[in-house]
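As a plain string of letters, each chain reads:
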Amino acid sequence: MSTHHPGIQQIRRLAARAERRIRLGRVLHVGASALCVALLVAIVDVALRKLGIVGEKPARLVLVLAGVGVVAACIAAWAWRLPARAGARALDRHHDLHDRLASALAFDDGADATRTPFMDAAIEDAVQASAGAKPSAAVRVPVPPHLGAAAVLAGLLTGVLFFEVRHHVPVAHAKTIDPVEMAPDDLDDVKDFLQKLQQKDQSDDTKAAIEEFNKLVDDIANKRLDRTEAFRRMESLEQKLLTGSEADKKSLEEQLDKIGEELKKAELTKPAGDALSDNKLDQARDALHDLAKKMREQGGQIDKAKIEQMREALRKSAADVEKRQAAIEQRRQELADEILKRKQQAKDGGANDEEQSLLQKKERELERLDRESEEQKNNQRQLDRLDRDLQQAAEDLMKEMGLSANDLDQGAEDINHMQQQEMTQEEKEELRQKLQEMKELMRQQGQGGKGQILRLKRFGRMARGQGGQGGQQGQGGQQGDGQDGQDGQGQQGQNGQGGQNGQNGQGQNGQGQNGQGGQGQQGGQNGQGGQGGQGGETWIVGPNGEKLLMLSKGTGGGGSMQGSGQNGQGGQGQGQPGRGWGEGHDPNMQGGATNPKMGTEDTQVQGGDTGQGGSRSQVILGAAERGFASRGYKKVYTEYHQVAEESLAKDDIPGGYRFYVKRYFQLIRPREDK
Amino acid sequence: MTDTDAVREQVTTFRKRIEALRAEIAKSIVGNREVVDGVISCMLGGGHALLEGVPGLGKTMLVRTLAETLSLTFSRIQFTPDLMPADILGTTVIDETQAGGKVFDFRKGPVFANIVLADEVNRATPKTQSALLEAMQEHRVSVGKRTHVLDEPFVVLATQNPLEMEGTYPLPEAQLDRFFFKLHVPFPGRDELHQILDLTTGNGVQKREAVLDRPAILEMQQLVRQVPVARHVQDYAIRVLQATHPDGPDAPDLTKRFVRYGSSPRGAQAILLAAKIRALFDGRFAASVDDVRQVAHPALRHRVLLNFEGEAEGIKTDQVIDQILKAVPEGKVEKAASATN
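Just so you know, the sequences run in chain order A and B.
Quick note on numbering that gives the first Met the number 0: the first sequence kicks off at 0 and runs consecutively.
Quick note on numbering that gives the first Met the number 0: the second sequence kicks off at 0 and runs consecutively.
These are calculated hints, taken from the structure and not from any lab test.
Because the structure is a prediction, the values reported are computed rather than measured.
Be careful, since some hints might not be right.
Derived coverage of chain A by chain B (criterion: at least 3 residues anywhere in the stretch with Cβ under 8 Å from a Cβ of chain B; other residues may be distant) [what the hints assert, rightly or not]:
| id | region |
| --- | --- |
| 1 | 82–90 |
| 2 | 184–196 |
Here are some chain B residues the structure puts well away from chain A; computed CB gaps all over 12 Å [claimed, not checked]:
| id | residue |
| --- | --- |
| 3 | Thr1 |
| 4 | Gln9 |
| 5 | Met83 |
| 6 | Glu133 |
| 7 | Lys144 |
| 8 | His183 |
| 9 | Asp197 |
| 10 | Gln225 |
| 11 | His231 |
| 12 | Gln233 |
| 13 | Val291 |
| 14 | Asn306 |
| 15 | Glu310 |
| 16 | Glu312 |
| 17 | Pro328 |
All C-beta atoms in this analysis are idealised placements derived from N, C-alpha and C, irrespective of residue type, glycine included.
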């Protein structure tokens with residue numbers, strides 16, 4: 000250990016203070032730089048956060064890291080090694096001591112052996128020189144050069160912090176749906192159907208189904224449903240309507256037939272048995288009522304053997320259903336056991352293809368039996384009461400005729416109830432079919448898109464003769480209509496032609512009746528039509544681009560317009576409303592092309608209803624009577640529709656074409672005046 | 000009296016002597032304090048000086064004055080191309096004894112003096128220069144089979160003219176390295192010129208007296224070597240020396256571009272000795288970094304050899320040294336524990 004000079008500690012203290020100041024200056028320097036960097040990072044971070052590019056958590060983490068970075072930089076700056084005797088040398092330099100202090104410390108730190116008198120003298124000299132040394136003067140703590148930049152950045156950060164980034168928050172609009180659309184005519188048709196159905200007596204189920212159907216139609220009409228929801232509700236409704244299916248009905252009929260067969264064996268119950276066998280439930284009901292009445296009135300006079308025969312028939316008929324059910328159940332159980340057994344065998348020893356096939360066959364049979372059993376159970380619920388009543392009647396026959404008659408009455412009522420149920424089933428089936436039609440309609444319209452809906456709507460309006468759009472339609476020249484038709488555009492009265500819609504049916508087909516009710520005075524040549532002669536045939540483009548012939552219903556007013564044909568050949572309308580369809584044909588059907596330079600002017604005039612003409616229905620009916628049919632249009636329509644429906648039912652017609660036929664008849668259906 | 004007090008007294012005496020010497024020299028030499036101190040430093044450091052300056056700046060006068068004030072033997076050799084080594088070192092002649100016999104006798108040349116002025120040393124042939132430089136290095140002269148030791152102190156003060164290079168033999172690098180300092184004798188300023196003219200053109204020529212004798216000088220030489228140097232000062236001197244080499248750790252761009260060879264370790268020795276002398280000049284007991292800085296130019300300028308590019312660019316070695324002193328940091332973090340001298 001070296002022997003320290005007594006005054007050296009003073010030098011050391013001064014040097015240490017100077018070193019601390021050096022470190023402090025370094026910390027401020029580095030800290031300011033680090034602060035600048037941290038502030039820059041913070042500005043970017045906060046900006047990114049405000050713009051929503053960075054999440055809250057990462058942003059906070061970055062800020063914390065920036066802060067930690069500054070602290071770490073300061074600590075590192077403080078702890079970083081200084082050059083040897085930096086403090087003492089700083090003092091020497093500042094006080095112009097020519098390394099006296101630094102050299103003295105170096106000599107003092109040296110080993111005693113190497114210490115020379117010169118070194119001691121140097122130390123003493125340094126101690127004396129250090130008396131006036133001041134670390135604070137020697138080491139100035141400088142103002143960090145980046146402090147200004149840091150202040151600017153801090154201000155910038157504050158600005159960014161207070162800067163509000165306005166995010167465009169889209170206004171939460173109520174979610175709209177893309178409503179499914181149906182042509183008004185279709186909706187009217189469905190509504191009509193439902194209205195008619197409602198007028199009948201129905202079970203509660205049917206009423207509920209109709210009500211639900213009505214609601215569905217209303218929702219579609221009011222555009223409250225989108226396509227998915229509409230189909231979902233239709234599917235749901237259809238599922239409800241499917242309860243009590245055709246299979247159940249057949250099964251019920253079979254079982255009633257068996258009961259009928261048993262009842263036929265007794266003379267007294269034969270009429271009821273025949274009716275049941277023929278599935279004429281109303282007759283069966285009446286027969287049982289008659290039998291009950293007979294038993295009450297002539298109870299004592301009936302032959303005992305007949306009564307016994309009847310009792311046996313009643314008992315067997317009641318027991319038969321149970322037997323059948325039991326037999327099915329037994330067979331089902333046997334099959335299940337056999338299948339299980341075969342499966343086990345197959346597991347143990349394997350099975351060849353034949354056995355596998357047999358097993359599958361048995362399984363299919365088991366499934367069939369399951370279904371049959373289920374049907375039986377369903378029917379059993381309906382037949383239970385009848386069975387009980389017949390059983391009771393059979394038992395009561397042994398006691399008292401009156402009681403048995405009551406039981407038979409009760410049985411008759413059961414059959415009546417079943418009949419009503421059957422009727423309800425029919426109504427449900429009708430509903431279901433209508434529902435399917437509607438689904439098909441929506442599918443087709445959905446494929447055709449909105450354009451088709453618009454076309455159908457336009458057509459519907461035209462068909463109803465609404466809105467002088469007829470003029471447009473009547474630009475028949477473009478459709479190959481006769482020139483007459485063209486001339487007829489809205490030139491009301493000028494050419495003695497029909498109203499604004501007249502050209503539709505006239506020039507084109509030459510059927511346009513003349514003003515005198517379409518007497519066919521070759522008016523077709525001129526295409527003159529009565530004022531009411533709006534209706535006509537129109538070819539429309541169907542969903543798949545096929546042409547469909549449509550008969551439309553005109554609604555133009557039947558004014559008393561007098562028109563004179565352009566060629567002077569036309570019938571001169573007396574302003575009487577047209578009463579029927581024209582019979583003639585327009586020889587100029589393939590008239591020359593429209594001369595675009597003829598200076599015509601498209602004018603649309605709304606036909607006014609003066610009230611002098613007949614109603615539209617009268618016009619149509621009249622046209623039907625006098626035109627291609629001698630009977631009323633409604634009758635003709637009904638007949639044709641029926642034939643078409645039968646054909647549809649009999650023949651294998653693809654769904655799409657079936658739709659066209661139905662659609663066609665729907666559109667040409669006779670309508671009531673509103 | 001403690002050792003410290005003794006040292007104090009020695010240093011004080013040293014300083015007084017130097018002050019007296021300076022004052023005596025100043026009687027003849029106007030200004031040129033740096034050159035005078037440099038020459039004194041060379042003498043106290045046991046080295047030799049190469050004085051470079053245009054003719055008429057008082058180089059010879061300075062040396063002559065120094066010799067007169069030091070009570071030392073002085074000789075002057077005017078170097079010419081026909082100067083032979085024997086003309087410097089001395090020669091053996093056949094001498095007749097009183098008895099009538101003839102013996103070989105060695106006649107000492109001018110080199111046998113305490114202070115030798117080698118005027119225009121670059122005009123002699125290399126052979127003659129080598130003869131002198133051997134004596135400078137070894138402080139002895141070998142003639143024939145006999146070696147003659149030169150008296151201490153032995154100081155050669157050589158001069159050379161930087162302008163007239165025609166017909167000269169520039170000193171080779173190895174010989175330049177033998178010089179402790181290379182001192183530039185600057186052209187005097189107006190005030191100094193006034194003083195020079197006053198001194199030299201009037202009647203009042205002051206007579207110079209010897210203020211130091213040989214034992215005192217030897218004692219001062221001994222004292223110089225006792226001055227301690229702190230490790231960080233010595234380290235700085237070494238780093239400065241390293242920076243004169245193009246591949247040195249702290250070498251600045253100027254060194255890397257224009258220096259062919261840096262200083263030899265003799266440069267560092269010269270720096271440290273000169274730094275010690277400067278500390279004693281100031282009455283300090285240890286050399287400092289400032290001392291090192293002060294003596295770096297005369298100690299290194301003739302030891303740094305410029306490359307062709309440096310020569311072509313007209314770079315001076317003093318520029319390189321300035322750059323080095325700026326580039327080399329005073330304090331540096333030492334990896335090892337700080338050691339002391």
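Right, here's what the structure says about each hint:
no. : hint    : in the structure
1   : 82–90   : holds (count 5)
2   : 184–196 : violated (count 0)
3   : Thr1    : violated (8 Å)
4   : Gln9    : violated (9 Å)
5   : Met83   : holds (46 Å)
6   : Glu133  : holds (34 Å)
7   : Lys144  : holds (43 Å)
8   : His183  : holds (25 Å)
9   : Asp197  : holds (35 Å)
10  : Gln225  : violated (5 Å)
11  : His231  : violated (6 Å)
12  : Gln233  : violated (10 Å)
13  : Val291  : violated (10 Å)
14  : Asn306  : holds (33 Å)
15  : Glu310  : holds (36 Å)
16  : Glu312  : holds (34 Å)
17  : Pro328  : violated (8 Å)
When each numbered hint is compared with the structure, violations occur for hints 2, 3, 4, 10, 11, 12, 13 and 17.
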